[in-house]
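Enquirer: What follows is each chain in one-letter form.
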Amino acid sequence: MKSRHKKLLVIVLALAGIGIAAALILNAFQSNLVFFFTPTQVDKGEAPTGRAFRIGGLVEKGSLKREADGLTSHFVVTDTAKSMNVVYKGILPDLFKEGKGVVAEGKLGSDGLFTATQVLAKHDENYMPPEAASAIEQAQKAQKTLQQ
Amino acid sequence: MIPEIGNFALIVALLLALTQAILPIIGAQRGNLTLMAVARPAAQGQFVFVGIAFACLAYSFITNDFSVVNVAQNSFSQLPKIYCFAATWGSHEGSMLLWALILGFWTTAVSVFSRHLPDDMVARVIGIMGLVSAGFLSFLLTTSNPFLRLLPAAAEGRDLNPLLQDPGMVFHPPMLYMGYVGFSVAFAFALAALLSGRLDAAWARWSRPWTTVAWSLLSVGIVMGSWWAYNELGWGGWWFWDPTENASFMPWLAGTALIHSLAVTEKRGAFKAWTVLLAITAFSLSLLGTFLVRSGVLSSVHAFATDPARGAFILGFLAVVIGGSLALFAWRAPKMLTGGRFTWFSREALLLANNVVLLAAMGSVLLGTLYPLLMDALGMGKISVGPPYFNAVFVPLMAPALFLMGVGPLARWNGSSLPDMVARLKWALAVSVATGILLPLTLNGFNPWATIGIALSIWIALTVLIGFRERLKYTQGGLLSRLSNLPRGFWGMQLAHFGIALGVAGITVVANYQTERDVRMNVGDHTQLAGYTFTFQGIKERQGPNYRAAEGTVEVSKEGKKLFVLNPEKRIYNASGMPMTEAAINPNLFRDVYVALGEPLDDKAEIWVVRIFYKPFINWLWIGGLMLAVGGLLAASDRRYRIGVKAPAPVPAGVATQGV
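Protein sequence lines correspond, in order, to chains B and X. The working numbering puts the first residue of the first sequence at 1, with every later residue one more than the last. The working numbering puts the first residue of the second sequence at 149, with every later residue one more than the last.
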């Protein structure tokens, strides 16, 4: 092989490698994006079924119930307009509290029950997870426009 | 009075930084020695004044001066003194001051250890670092002044975020910043070379030890952060692909590419433009990391306040630094590039491949970190990118890089023969693949991920040993003296690569063979995990200096023999009322036993959810990471960096000389 051909081969191989890497990254990126929906959006049927997504809002007061195993908990997440039932098996984060903001990631069942695989509450007492805050804000804005 | 002295010192430091930035660079362009001579004293003076400012702030924290806003917001009278001191950098303002202090430290270090460099180079390097200092100091003074007074003074502080009240807080941020800011030296050297028009091997050799030290310290910082998260967060994880972690990981990936590319530039004179771009990239990513973590863009522990003025300043600063340096590159670089040639199977080519993979990895982290922020900022919906994405991308990207890591150090500069390489490495390859397949089979059945990880780990370890053997083949004398005669650069590289082998082993084993259990436990209940029996013996109340804790007692035994007792805690901090989980860990070289308290299930707090982990080989991860850093420091101390200004003697073609 002439050195010019060799050089060409190296360049082609390098481009192929970069191409494969880029395809891999973008493919993984697309299939692992997790979208966020507010309970109102979920109620309208905008959220996908069969694909994981995130919801956010407040944990409704008095809604937290535990099953006898101590690990499975049921609670209601609300954006003050609409609510949804959530079930989660595992230890809830330290800052999970009724009346406080929460974000949960999981899948929506056909029965409307959201099975969370991860529950996030933020690291600071006075701090609302931004997603939860925006869910409530959107819901309240929507309510105001309805009233007018 | 003390905070006012601090504020004044900061203003003096800014003026000195401007002097340090402007005069020496003008002097260097005009060949004026008097102006160039300003660089060293100005830099050292700037460091002294930033040091005074920092000492004033630390003093305010230690003496609980709640008339300073920053202290009132981030400290507490009952806070242990060591955390009062660490709280100095626990806030946004304080951490920016720490940034400026560390930048002053690096600049002063350059001014002291640059006696053998040409005056104009030193003047330009220190000048450019002065520009960065001036940027940070004006940021502090205009948007983030840590010395603002609170009138009337608060009676009590709001306490440091309990998550930060950990020994990790004392060491992790300064170490991380030493790394971040250290890349400013590589950046300054790159820009100085562009300004001077001399982009040669000597430049790469001056820049190399600084870059390697910065990279090593960044590695230590990241390893400590990971260890801290593992110990403190109570989730048993050691890496979460959290944006704040990614913010430190991106400069590390770019820095890793940079130290390898610098090796090629120094040894072969090739990849000059690439190396300069990497130096700019590494420092820009450090700034981006600071921006992401400190401006409140990310909502997490690290984000302290959301203030648009700060965000705008840092974004503008970032634009000036990146845009300015790229413009300089576009203007100057084409004139001085006389690229070195290289053949397709040589150490240069393999290092280039490593660079490409590292940058692809960096790009994937950047995409996953910034894309959600961008979508949010543009109002296009909220999305998140979690660990599944990063894991899906990282394993296939890193596997070829780790494989090449075994080949690269054994290849010769300027061309190796592939059949010869196959002959040298076939046994190592066979052994590592065989072990990779067989070991998981004996443990738990076939597992492709475990096979890849174990095979790569053993592959790297074996090639390190082969590297030693080949280096020693032609030397005379006793083994010990032959080993100690090898250059430190070679030792450093081997140690760092061996650290990677240990780290890969640790990650693979813990990811594939850890076991965990969340279990409801009443006093006297038992549970089993990984052959250990855990007995819950109840909860005691304990009073800490600034918190109340429910301290659990869990006795761990194996085959009826009592081994040790673990005391996990659930704390409630007095000032904030914030709960915190404090895990209890029994470590040894081959496994950690990790117990954390979940939540009480009854009103009397006798029944608890307890989380138990068995983490095999997790400590290999930290040991490997530290070895990586020690390797870097060792390589940077190689004596050839300390001798003479002269360019290195030309390397005869086809001869492997000094290690990378």
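It should be emphasised that the hints constitute simulated quantities derived from the structure, not laboratory data. Some hints here could point you the wrong way.
[Stated by the list, open to error] No farther apart than 20 Å at their CA atoms in a straight line, the calculated lysine to aspartate or glutamate pairs in the DMTMM-like style are these:
hint : chain 1 : residue 1 : chain 2 : residue 2
1    : B       : K89       : X       : E664
2    : X       : K621      : X       : D568
3    : B       : K61       : X       : D750
4    : B       : K97       : X       : E747
5    : B       : K89       : B       : E46
6    : B       : K100      : B       : E46
7    : B       : K141      : X       : D524
8    : X       : K530      : X       : D390
9    : X       : K688      : X       : D750
10   : B       : K65       : B       : E98
11   : B       : K82       : B       : E60
12   : B       : K61       : X       : D390
13   : B       : K65       : X       : E754
14   : B       : K100      : X       : E747
15   : X       : K752      : B       : E67
16   : B       : K65       : X       : D666
17   : B       : K97       : X       : E664
Enquirer: Which of the stated hints cannot be reconciled with the structure, identified by number in ascending sequence?
Expert: Structure breaks hints 5, 6, 12 and 17.
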